[in-house]
Structure formats: structure tokens, C-alpha cells
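Trainee: Going line by line, the protein sequences match chains X and A. Position one of the first sequence corresponds to residue 1 (our numbering), numbered consecutively onward. Position one of the second sequence corresponds to residue 295 (our numbering), numbered consecutively onward.
Take these hints with a grain of salt, some might be off.
What the hints assert, rightly or not - Derived lysine-lysine pairs resembling BS3-like cross-links, with alpha carbons at most 25 angstroms apart:
| hint | chain 1 | residue 1 | chain 2 | residue 2 |
| --- | --- | --- | --- | --- |
| 1 | X | LYS66 | A | LYS590 |
| 2 | A | LYS362 | X | LYS229 |
| 3 | X | LYS127 | A | LYS578 |
| 4 | A | LYS508 | A | LYS590 |
| 5 | X | LYS127 | A | LYS353 |
| 6 | X | LYS66 | A | LYS710 |
| 7 | X | LYS127 | A | LYS530 |
| 8 | A | LYS578 | A | LYS457 |
| 9 | A | LYS426 | X | LYS66 |
| 10 | X | LYS66 | A | LYS523 |
What the hints contain is simulated information worked out from the structure, not anything from laboratory work.
Single-letter residue listing:
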Amino acid sequence: MLTSGRANAKAPFFWFIFIPALGVMLWLTIYPMITVFLTSFQDYNYISGSRSWAGLANYVDILGDKVFRTSFINTLVYCIAATAIEVLLGIVLALMFYGEFKGKSLFMILMILPMMLSTMVVSAVWKTLFHYDIGLLNHFLQLLSLPRAGWLIDPNMALGSIILVDVWQWTPFAFIVVQAGLASVPQEIFEASVMDGANYHQTLFRVTLPILRDQILLLILLRTIDTFKVFSKVFALTGGGPGNATETTSYFIYREAFQYFKLGRSSTASMITMIAVAAVSGIYLRKILNTKEV
Amino acid sequence: MKKTILIILALVTVAGGAFAQKSVKLVIAGRDGDYGNAMQIAVDAYVAKNPNVSFEVLKLSGDDVYQKTVIDLKTGTGTYDIVLIDDPKAMQYQQAGWLVDLDAMFKRSGKPVDSDFISTVIDLCRYPNGPKGRLYALPFVGNVSLFAYRTDLFTKYGLPEPKTWNDVLVAAKKISESDPSIDGISFRGVKGNPILTAFLPIFWSFGADFLDAKGKPTVNSPEAIKALKFFVELSKYGPKSTPMNNTAQIRDGLLSGAVGIAPEVWPAWLAKLDDPNESKVAGKVKVTKHPSDIKKSSPMNGIWHTAIPAASRNKAAAFDFLTFLTSKETQKLMVMKAGLPPSRTSLFEDADILAKYPWYPAIRDALESSVARPRTLYWAEIENTMGAFVQEAVIGQKTPEQALNEANAKLTQILK
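The shape of chain A in the complex, shown without the other chains:
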């Protein structure tokens, strides 16, 4: 009897040990909204193939994911196995040595880094940025800001296709004045990140930039002031609610037919654009890269990085999931089910994707001419500061000159 019990105990111990070795739980510090939905789709697909791996997916706001990951990675607690990082903040993580070197992991796995990733996108995942830097992340989403306008309204009012920002101003004015029920233009106006993100494609294409070659702030340059004056003028043809409008208001306004031009839209917002059950403007909106001015079209690069914290206790499992998440098959699944823009070249030529989203080539086009935000450790502060001053100019509390002179002084103080 004793012998039988001992044998059973031994078997249970061995089986338990084997189970414990194989069973892994990965914790993902991810995003909410469309990104969260897409991540969940990928996780469900992975679990179906790997039932021994379970997940805890945290769906956090952009600010929350940043706070939580910085605190955790700095203390080396190892709470998270996969983290999502907004592009301009990636440098902080890379420079601090908080992330696993993926080049080394690829080498150990015997797999090469896939050449299908869009080069301008994968280069941002390296540190220093560029093909020679070490790889610390893979691009979860090939996000880029886009420009959308109503072709039916442009035809109705005899407006030319907007090639320059001045064409946009003329069109916004014409639409607003001709049809009071439609806002000629509508962009996000909440202070901080939203309004600055809406402004940046204009700022850059007017020839302005944040920093000069020596890293000195230049946001009050004549080009920048001209760009902000233009932005303020453009805002006159937008809704009065602009200062509190965010993603939902712009997306709903466009889909409900209440907006003529949306100068800042993101691919995931447009997943239902051509679905007649969800959109009143199906087939009537053209999505394209931004118009140009003295410089070329300058859409904002908005990719999100996926990385493995150096403190993760499940690096091998996390690496396996990371390669699955960014694989061609999974990216296609996320595109088709959640409208998440891919970071792989081949998917922009995929027949299924193009049939569902005919405007997808615009993403690739925009990504190729996209501009990345400055690589600085102080981006969060710069973004909030600039976003506050730009809003003050738009609501008329300051002139564009005042706003940008004060912004430049503040940025100088931040960067000193």
C-alpha cells in the first residue's frame, strides 16, 4: 500500500513539474480601444495554438501604459513580459537599457529579422535609429496620420483635389459657407497630444521643426509662426466644440456626414468608413496622405513598438509571442478583424485587405513620407507644452507669435 502511494505521489510530482515547466503566463501592458481589440484577437489566436500559454492583457490609455511601464521597468520588478511603447518615447526605454536586445534573441533562435517590415518603420525600432542600430522592439502597428475629405462635396462645389494646404483652406471655407449643416473642417482640439498631432503635418510641411541641428528649440521660427497662423485660420471653419473634440468626435463627425475635411485621421478610425451600415458617407470619402506646402507632404509617424522588458521572467515565451504577433498571418488577422494598420510591405498588396479597405495604399504612401517626432528624452513635456500653446492660439487667448515665442522659451528651459 505504502509503495503504491509513493508511486502515485512520484507520478503526481513529475507530472506537476512538467506542467509547471510548460505552463506560462504572459502579462502584456497594452493599449485600450482599437489597439486593445487587435491585441486580444492576436492573443486568442496564439492561445488556440499554444494552450499552455495564458495571458493577462492590460488595456490602458496611452498615458497609463507609459506611467506603469516606466515605473515597473525602472524598478526591474518584472511585472510585464510584453510592453507597448509610443514611438517618440521609445528612446527613453532603449537608452535606459530596460529592453531585451532582440537582435541577440533572433540570433539565438536562428531566425532572421523579417525583411518584409517597412524599412522606415523597423528602423525606428532600432537604437540608434537606422539600419545599423540594435533592435529593441518590433512594430505592432504601422500607424500614420492621414488626410480624409468628401469627394461628393468637392465635386458639388467644383473644388480641385487638395494638393496644397491652401487648397484645403479654400475648400473648408467654401463648404462651411455653402452648407451650414456641415463643418468645412474638423480636427482634434483637446490640449496636449491631440491638438499637436493635428497640427504637426502642417507645421512640418510649412518647413518648421522642433529643434535645430544643435538640439536648440526652433518652434518660433518664421515658418512655424506661419504654420500656426494658417492652422488658426483653418480652425475658423471647424466646429465651435473643437477645443474639446477628440477621437470619437472626429470619427463620428466624418462617418455621420457632418464633416467635409478631416485633416488628421488614423487608419483604425476608418475601419467602418465604407460600411453602409455604419457610415453615411460610404464610398464618398477619399483617404490620402497630407497635402504639401513649401515642403513635401508630412504625415506624422505614429507607430507603436512592442518590446520585451529586460526584467521579464518569461523572455523566451514572450519572444515567441512577439514574433507571432508581428507575423504576416497575425497582422492580416488584425487588419481584417480590427482594422489595425500593418507594418509589413506585403500586406499593402494583399487582395483581401485591398478589397475590404480600398484606401489602404494611402497608408503605405503616407508611411513612406512620414515624419517621426523628435528623438528626445523630454518628448512628453515638449508635447504637452507645445500642445497647450497651440490650443491657446486656436482659442484666441494668444496670438500665434505670442504662443510660439512662449513655447520656445519654455522648451529651452525644458531642454537646458
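Looking at chain X on its own, in the form it has when it is part of the complex:
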């Protein structure tokens, strides 16, 4: 039987398991976060070792940096578009393949295959598919007598192409989460709504989706956090180009920290990104934790 937090607090076993967990949390999460926060106010060059207090100069500098602003907007577009498409497709697929059918196990294995692959492998495959001259996608377009598309070389298309790769890789995750949510709903609820005369549209929007609300919010939260950190796909597919069309905040931070070794600026960019992710995540978390709110 579960006991209250107050009762737990008195038990020696509680402290026995709580203190090591707290220690790990302080060491691996809180300490680095405090360090990054403090470094974000410093002019710190790792190679030369020069480190001085800079106040808000890094924040002013980074927020005024054209490349960072472009990176931030690209990241937002990527995050919103990829999350929305993946969640919508996940719901549609889960509804389409609801219930038992022949070959479901094999189908499920095939469905989750993309998310089991390494992102670098996925990116390498898609890079070949996207190639302007020899890519399969442009080959198909030409078979349909359509002009070839500059999937990764056209600044107006490149970000969309990376979103497409993310959708291909992570829609299966959305599908599985929604599918698991659907499977946990007793069949009788749907049968009762049908007996009460509800059509498919009414059952979907007044019964199914409200029941799945928490799973969908959790899914949106997880995909938002993940897509906001996009790095590997940009690194492997475009390197941030063409121009700055696919620059993202993670890629910006990586370059500042590990190519220029400007740890002050990279910490500042990290803090700004973290605040943005925390703000968005906070909204979703509030909705998930507040079960009365619909």
C-alpha cells in the first residue's frame, strides 16, 4: 500500500534511497546547470583560459546575433511542424490500425523500425535519397514529368526536408503511444457510445480523443523537447546550410562551444534555449498534471 510523502519522510529506508538519488541529481543536473548559468555571464575562452565577468554582454550579443536569431526561429518552426505532423499522423495511424487484424505483429515491427535506427544512419540514407542529381526522390519526380526539387540545396526547402526525415523517423513513436492509450480504453465505452446513437465523428471527438488527452499531451511534450534539441540531422544532412536555412540553436551552441571554444557565449545560448524549452514544457506539464482541466 502506498503511504503519504510525510509518512515516507520518517522512514530510514526513504532516506537510504533518497540521499544517493539526490546526490546524483545534484551532481549531474543541478551542478552543471548552475555552472552553465554562471558561465553565461562570463567572457570565457577555453583555449586561452581567459575568463572575466561580462554581466549581460553575452545575452545582448547573442540576442543581437543574426545567426542565432535565425537559428532560434528555425528551431521553433522545426519543433512546431515536426511535433504537430508526427502527433497528427500518429493519431490517424493508431485509429486506422485499431483492433486486431492478421499480421499485426509483423506490421508493428515494421512500423517501429525507423525509430530503432541511428539518426546518423537515417540521415546518411536520406541524404542520398535527397540528392539533386542522383537521388531517388528526384528520379520519381522526373518519372512523373515533374522538375527536380532542391531538397537540401534550396534554402526554401531544406528545413522542410529535415522535418520530413524527423517525421519519417518519429511518427512510429507517436503511433505506439496513441495505440497503447487506445488499447487501455475498455471496448465497452466505444460500444456504449455507438448504442447511444453517436456516429464515428462524435465518438472520435467526444469520447476517444478526450480519453486520450493525457497521452497526447505527454506525446506532444516529449516530441517538443526532443525536436527542440535537433542536432544530428542538421549536422549530417546540411551542416546548417544552405546559407543559414537550417541553422538550429543546438548547432549554434555546438559550434560556439566545440569549434570556437567560447564557453561564455555557448552557455548563454544554452540558457536562452533552455528557458524557451522549459516555458513550452511547463505549459504542457501544467495541463497534464491538472487533470480537472479539459
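Based on these hints, arrange chain A on the given structure of chain X.
Mentor: Only chain A this time, still in chain X's reference frame:
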């Protein structure tokens, strides 16, 4: 019985101690691709002669080797015994005192520094650069960018040998317009290092430079703008995929006969150029140093340094391997087996090498007139910044003037 056991234990201890003293493991922070293959060949040859030395060769990308070595050398952890350093970044390592003074090690060993190394190359391994600086590295590879063009196409279309960049533009246009299946020209267009490396021989030979005598950025000079305008014009006769083309696409394009002119190629890419099993253009490509404009031919010097970190715990063993790696015999082995360009003068006259790679004299020629990238602690940032703006001009997002004015402002900010 007790006595026998004691004797055995003593023998085991002595033998173990002797073994432990002799057995050494060297960790190399090296490169991937052709450089990695060449390093492995050298390591295998060394181990065959020195079975007590074992190796861990890390084959890393250019960015990875830089990150890992900077972090390790700065903290003095001593993970690596040999490190590979890209030429323009060498100054950071030398200035920070992270590397072993090889002049002192040569003195202790009683061996002189071999005079066979190409002087323009070995001078870059010294700090300050030049014959009077202290030696902190030895040149692993005498790399330099080269210019390649299809002689059969030039003959077919009655084009003169490209002596100037304008000849190149005329030829690229003619080839593109005459044969739609062939790209008149093809160069690396990925933003950052690749596109900038392709652009630099034009930039320099048009009389432009990164910094003036006072260290102030000058990348928006009239010469630089003229060079970028020319580069943008040249790119019109290249494939549409240029902004995502990198090493593999240029090499494959040249070897498959789909490219008329490759204005930026590197010796290791061309190892199979004249092999009819691998190349459709065997015997039809001339490799040479770059054309000139108002200034002389300006190929980019792309040597890689090999050095011993000051924190290495196996300096003596590392020094022995380093001298083996850069010896004439090992360099010849790496040339013959992996196509790695040497940094020694004598190997450019070696009959075996010339028989396999008839175009090798072009490397020496290019090395002798090569231009080194600016010696600054901020090269990584300058390269990425310039490489981004040059690409924006090539894809038409900015005019050459806009791109270089913005690049100059950004460089001023970086160097302030």
C-alpha cells in the same frame, strides 16, 4: 619447496618488470579517410619492427580531432601520445605550450632534423613560423590543393591550356554549353571549410587577403569582391547540387567523367585517377597548380602536423614513432599504398612514385607556390564565418558585396 617457489616468484617478477618496461602503448589522435588508411599502414609497418609497441589509432573527422585534442591537451590528461593538427590551428597548440619541443628531442637523440623536408612545409611546423622558430611538429602530409581538367575535352573544344582564371571560366562555359551531360566545373560547396577551401586559390590570386599588416580584416576589399563575383559566375557552370557537394561528389564526378574542370582537388583524392579499373578518365586528366590572375598561382597549403603532447607519458616512444612516420621509407610506403602526398623533396623524384603517379611533380610545384592560411588563434571561427557568407553569395541569397561586407564586419567583431 619454499625456496623453489620463491625463486619462481622472483623470476616472474623480474621478467614481468622487464616486460612492463619495454611494452608501450601509443595512442594516436588521427584522421579518418585516406589519412587514417595511411597512418594505419605506417603503424603496421612500425609494429612489425617493434612488436613491444602497440597502438590505438583513433580515426576522427577534422572537427573531432580538433575538439578532442584541445580538451585533452588543455587539461593535460595525457590521453594521446601523437596528435594530428590541421595547419592553421597549429599556432593555438604551439602558443599554449601544449606540445613537446622537438628541437630538444632531436638534440637529445643525437639526430639532426632531416633537410629533405620541403622548406616551406617544415617552416610551418616551427613557431614562430620560419627557419628560426622552434620545431613543435613534423609534417605528416605535404598536402596542397591542386587544379584538374580534362585534356580530351579541352582538345575537343579547341580550348587553350588554362593559364589564367579567365581561361577557366571560358572553358567551363564552353564545356557546359556543348555537352549537357558534363558539368563544366565542379567544386565543393558545403558551407564552412569546404566552399572556402575551393574559393581561396581564386581569392588569393585575385590579390585579396584576410588581414592587413595590422591584423585588420580586409575580406571586403575590391580585389576580394571581384574574386567572389568571379567565383559566383564560375558556379553557374557547375552542378545544381554544388551547395551540398563535398569530397566524395567531386572525386566521383571527376573519376566518372561527369566533370570537365575540378578547380580544387587534393592529392589523396586522385590516387586512382589513372587506374582504368576505377577511373573512366585514365590518362585524360591533367593535374597542375592553379591558374593565376593579377597575382601568381595560389594553391592552398593544407599540410597536417604530427606532434607529441607535452602531457604524453610516452614521449620517447612517441618520438621514435614520429621519426619513423616521417622517414623517407615510411612516406614512400604511404604514397605507394595510400596515395598520401609526401612532405619530402626526394620523394618527388622517386622513380617508383613517378611511374605510379605521373602527375606528382605538380604537388611539389604547387607546394612551392602555396599560400598558408592566416596564422591566428581565431581561424576556426573565421573559416566558418567566411565559408557561410561565400556560400550565401553562391546560392544567390546575398550579392558578393553584401556577403563580404557582412563577413568583414563579423571578422572585425571576432578579432576585436
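Trainee: Evaluate each hint against the coordinates.
Mentor: Verification of the supplied hints:
Distance restraint check for X/LYS66 and A/LYS590: the Cα-Cα separation of roughly 37 angstroms exceeds the 25 angstroms cut-off, and the hinted pair is therefore not satisfied. At most 25 angstroms may separate the alpha-carbon atoms for a hinted pair to count; A/LYS362 and X/LYS229 meet this at roughly 22 angstroms. Among the hinted pairs, X/LYS127 with A/LYS578 is inconsistent with the structure: their alpha-carbon atoms are about 31 angstroms apart, more than 25 angstroms. Pair hint A/LYS508 plus A/LYS590 holds up; C-alpha atoms about 23 angstroms apart against a cutoff of 25 angstroms.
Between X/LYS127 and A/LYS353 the CA atoms are separated by roughly 23 angstroms; this keeps the pair inside 25 angstroms, and the hint holds. Taking the CA atoms of X/LYS66 and A/LYS710, the gap is about 18 angstroms. The hint holds against a cut of 25 angstroms. Our distance criterion of 25 angstroms between C-alpha atoms is met by X/LYS127 and A/LYS530, whose separation comes to about 23 angstroms. Restraint check for A/LYS578 and A/LYS457: the C-alpha separation of about 18 angstroms stays at or below 25 angstroms, so the hint holds.
Distance check on the hinted pair: A/LYS426 and X/LYS66 sit about 43 angstroms apart at the alpha-carbon level, beyond 25 angstroms; violated. At roughly 24 angstroms between alpha-carbon atoms, X/LYS66 and A/LYS523 fall within 25 angstroms of each other, so this suggested pair holds.
Checked against the numbered hints listed earlier, the structure breaks hints 1, 3, 9; every other hint is satisfied.
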